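**Student:** Numbering (our numbering), first residue to last: 23 to 119.
Hints listed in this document are in silico derivations from the structure and should not be mistaken for laboratory results.
Owing to the predicted nature of the structure, the values given are computational and were not obtained by experimental measurement.
Heads up, the beta-carbon is just placed ideally off N, CA and C, and yes, glycines get one too.
Fair warning: there could be bad hints in the mix.
Claimed, not checked - Now the in silico label distances, taken between C-beta atoms and shown as ranges:
| # | residue 1 | residue 2 | range |
| --- | --- | --- | --- |
| 1 | 118 | 74 | 30 to 36 angstroms |
| 2 | 112 | 73 | 16 to 22 angstroms |
| 3 | 119 | 49 | 18 to 24 angstroms |
| 4 | 112 | 67 | 16 to 22 angstroms |
| 5 | 72 | 49 | 40 to 46 angstroms |
| 6 | 49 | 74 | 26 to 32 angstroms |
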Amino acid sequence: MKRTFLLHLLIALTLGGAVIAGQNGAGVKVIDDVMPNHMTDNNNPEPLFLRGRNEWRHDCEPCDKGDVFLDGKANLNTDNPRVFETFNSEFINLRDH
């Protein structure tokens, strides 16, 4: 993920968090719908998940239980413990901050 994209995402999450905090006080609940297993590593000089370690769908063809996104090359294997724990900790981080 490019740093500029990540910066925009973090700003959006921060602003969204401020709005959500205000809405929570008013009794409004926000539901987020995310698809963490669809991403690309094409433009990232330091990818978070490397190819060849069963962290991507194409590394272990039958391991992805979900539908493929486009041709499936952008699908992470969320059954992989490292992938699962990475997303689990990031979702906890988003929830708590």
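**Student:** List in ascending order the numbers of the hints, as given earlier, that are violated by the structure.
**Tutor:** As far as the earlier hints go, only 6 is violated by this structure.
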